[in-house]
Amino acid sequence: MSKASETILAVERVRKRFGGILAVFDVSFELKAGEFLGIIGPNGSGKTTLVNLITGFVKPDGGRVFFKGRDITSFMPYRIADMGIARTFQMVRLFYNLPAYKNIIIPLCSSRVRRLGAGRYGEKDDMAVDLLDDMGFERDSYVPYKTAGSLPHGYLKRLDLARAMALRPEVLILDELFSGMSLSEVASTLPLIEKFHEEGLSIIMIEHRLKELFRVVDRVLVLNFGRKIADGSPQEVMENEEVRKAYLGIEVEIL
Amino acid sequence: MPDRKGIYRKKRLDRGIKARADTIYLIASWREIFYLLLPRAFPVGFLLILPAVLHGYWQKVLVFACVYGLLALSWDLLASCGLFSLGQALFFGAGAYLAGGLNYYLHLPPLVTVPAATVGGGLLCAGLLAPVIRLRGVYFAMVTLMFPLLLMRGIETTGVLGGTHGLSALSPFPGETLTAYLAVLAFLACLFLFRRLINSDYGLVLMAIRDDDRAVMSGGINIYWRKTQALFLAGSVGAFAGALMTHHFQFLGMSAFALDYSILPVAAVALGGQGSFAGAALGSMILVPLSESLRALGGLRIALYCIILMVSIVALPEGLFHYLERKYHQFETRAEVE
Ligand SMILES: Nc1ncnc2c1ncn2[C@@H]1O[C@H](COP(=O)(O)OP(=O)(O)OP(=O)(O)O)[C@@H](O)[C@H]1O
Ligand SMILES: [Mg+2]
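Read top to bottom, the protein sequences are chains C and H.
Residue numbering for the first sequence follows my numbering, starting at 1 and increasing by one per position.
Residue numbering for the second sequence follows my numbering, starting at 1001 and increasing by one per position.
There could be a bad hint or two in this list.
As the list claims (entries may be wrong) - Simulated crosslink set (DSSO-like; lysine-lysine; CA at most 27 Å straight-line):
1) C:K146 / C:K32
2) H:K1060 / C:K146
3) C:K146 / H:K1011
Claimed, not checked - Which residues of chain H face chain C? A few of them, derived with a C-beta cut under 7 Å, are:
4) S1200
5) D1201
6) G1203
7) G1219
Keep in mind the hints are simulated off the structure, nothing from the lab.
The beta carbon of each residue, even a glycine, is placed where N, CA and C say it ideally should be.
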């Protein structure tokens, strides 16, 4: 796996409070270009909030976020996406009354895609179907043309992934992409993500399925009650005493 | 088992022809071509004949209907990207005052003032409303409602641009029939352009902003810039209507910002149906002549008018156009219940 040393994304002591709840507290980490980082933590530990802080959907109470050395802390979500940080949503946000492939047209209309020299008039439909074909929606079947609302959950998750990939991102953030997917769907989607990684994409993956996650990532970051409690190779994290305590119960067995 | 023989129920079927026509442009017979063309060709042909056959008062009503129709189309475009406007009078008034001012003070002919007011009005409205574009739903509606009132009172108290007396003796268009044709052609052109626009990828993005702006933002699309563009388009159409009326009346007054211009387009869309532009067009073509023909009833006119609106909203919440469209593409048969 590629091991570049340049930092592409840096999070410095970000903090967010919702009423009485400290959702994220003083979390710092760096993502190297081409790195595959996993983020784990029990339910409610602040993983989604951290993603929202990076992608601009939630404004931090303190701390900064840098993308390629540029401070993007106060940027609007579309600006951050435009710079090349794409994300998926834990609760997929799609347009259910549109045909599946039309969902992909929206990012293809962005100025980022135009700048990268794609998505000219009349080729967007083909590009969208190509992308979906890559995600396992067979081009010649009826699936890409069915309304998104009529597709099973696993397809929606992959549609959301395709929507993120349509932006041709440099950093891809996956928020529990595999939740609600069947085992066979996970087995067919995981190699795709590994392929993106091998092609040089920097990826942050939040996942509750630790076994799959630990197999593919370079590094793991653990959150608990909004704080970072561990950051290291899968091996190190597995042996960390605090992590084991946070994960009291069945999941320790997986470790 | 009771004997159910002889019990029938109504069965509705969609005509296959429509399903085919929406995707594949392969038309099998003259009958199908006629079937598809009729609902488009008939209203267009009808509207194009009207300016020639109508005279005097009813020709003026036609111009009015087209002007309100333009305002309704403009309203529908904004609604397509989630902006609910109660201030179509702002667009109308901006165009009216730009055209009237240019004509009165600089003596420019309508051939110059109307295009200038169309573009200038669009820019002005987009500029005025861009700062409040982040407001949603009723808050945006309230701000748009305030703007025409504000400008009206501003003109009243400062006396600029003619103040309460207005500007009169403006250049007319050459001929009443020509004006009527201009109104009808602009109305039809706007209807067809907007319908094409909303079915393009550009329109797809606009409607997606209405449905889930966060999802659109995550696709790297500047939703505020898109909404500003929609405001410019809607503002231009409204401003054109205002400029047209100014030269038609040869007079410009504060009434250009009147509440009528804000409310009637919304009522027309409520009657005709939102989201297809054809509904907005149909609604204004019914409401305006209707309200004119009720004029003889005096005060009762408004009451009757309200009743018609309420009945149509309650009985046909989808709008008249969508109802007719559905019925046109369906046929009913009676099927025996087994
Ligand atoms: N918009 C919000 N308003 C109020 N509280 C919030 C909001 N978003 C998150 N929280 C709270 O912040 C905490 C962290 O939530 P977050 O969704 O980030 O956790 P998570 O690690 O993603 O959990 P999960 O594994 O269930 O997805 C939770 O206690 C949650 O209730
Ligand atoms: Mg979460």
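What hint numbers does the structure not satisfy? 1, 2, 4 and 6
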